[in-house]
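Student: Which chain is which? The protein sequence lines are Y and A, in order. Using our numbering, you'd call the opening residue of the first sequence number 3 and step up by one each time. Using our numbering, you'd call the opening residue of the second sequence number 10 and step up by one each time.
Label-pair restraints from in silico Cβ distances:
# : chain 1 : residue 1 : chain 2 : residue 2 : range
1 : Y       : V71       : A       : G115      : 53 to 59 Å
2 : Y       : V71       : A       : G116      : 46 to 52 Å
3 : Y       : D30       : A       : E151      : 27 to 33 Å
4 : Y       : G42       : A       : R73       : 43 to 49 Å
5 : Y       : V71       : A       : G66       : 16 to 22 Å
No lab work stands behind these hints, which were simulated from the structure alone. Glycine residues also receive a C-beta, built at the ideal position from the N, C-alpha and C atoms.
If you want the building blocks of each chain, they are given just below.
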Amino acid sequence: MAMTRDITCHQAVALVSDYLEGALARRDRRRLERHLADCGACSAYLDQMRATIALSGSVGPEDLSNEAVARLVDVFEKYHRENSGESPN
Amino acid sequence: MEDEALLERILGGDHDAFRDLVERYQMSLVRLARYYVKSEASAEDVAQDTWIAVMQGLERFEGRSSFKTWLFRIAANRARKTGTREYRVVTVDPVDPVSSARFNEGGMWNEAPVPFTELINDKLANAGVLEACRNAIRDLPEPQQSVVTLRDVEGLSTREVSDLLELSEANTRVLLHRGRAKIRETLEETLTGGRSWQ
Chain Y
3 MAMTRDITCH QAVALVSDYL EGALARRDRR RLERHLADCG ACSAYLDQMR ATIALSGSVG
63 PEDLSNEAVA RLVDVFEKYH RENSGESPN
Chain A
10 MEDEALLERI LGGDHDAFRD LVERYQMSLV RLARYYVKSE ASAEDVAQDT WIAVMQGLER
70 FEGRSSFKTW LFRIAANRAR KTGTREYRVV TVDPVDPVSS ARFNEGGMWN EAPVPFTELI
130 NDKLANAGVL EACRNAIRDL PEPQQSVVTL RDVEGLSTRE VSDLLELSEA NTRVLLHRGR
190 AKIRETLEET LTGGRSWQ
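Work out the full structure: start from the sequences and follow the hints.
Tutor: Laid out in structure tokens, this is it:
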């Protein structure tokens, strides 16, 4: 938590997500990067945000009820049967 | 297996491939639909209609966009038609996602965040961490939940997400930031046993 120029930790944290999105204006990006170079706590926060996003990307689908999936598969089978059996050679 | 490989098999009538695809996307489809419609049951109906539309349209799907993008567009269009939600401008709550109490008057951390990245790496195999993350996403209020699901879980671009949800890109990014910050906070508590104020 070093003294940093330009922006505070509180402000830096508010920019982190946009930074990772590549959506910051150049001036804000430079300010944030200057801050991060001096501030271990905000760098840790940035790492955590990266890890959070990576984890969200790996949660995978929730367990679906077999019933819901089976119903959809039934619909699919019926559809396929009707539409593949109708071709007039 | 990649979506495109599954699609090939589905065109040949392979219902296991269809089942795999449903299991892959059903949760996000229902969540997206839920953004527009009033009940979970209606959202599930929209998802079912979406799968039927996929079956009907698959032969004509030319792959100009990814299958995922195509699928979510169908779902959003159907949900909008079904939805009774009145059009509204999404207002962005000015409350900062990271509790102001964690910063002093000068805007510096009172207590630094507890590092947990290594813990995540150690525990990636641990289903509990993934479960905590999944629950944190599910507990997000809308529209944060839909934004995080489409952007971070499904990996769509911010522009695609803003189109699907009829939000400006700027608002989408603010909502993404808020949602991510809340998930991070939950993970911090889970991984460090609530020692976030060490």
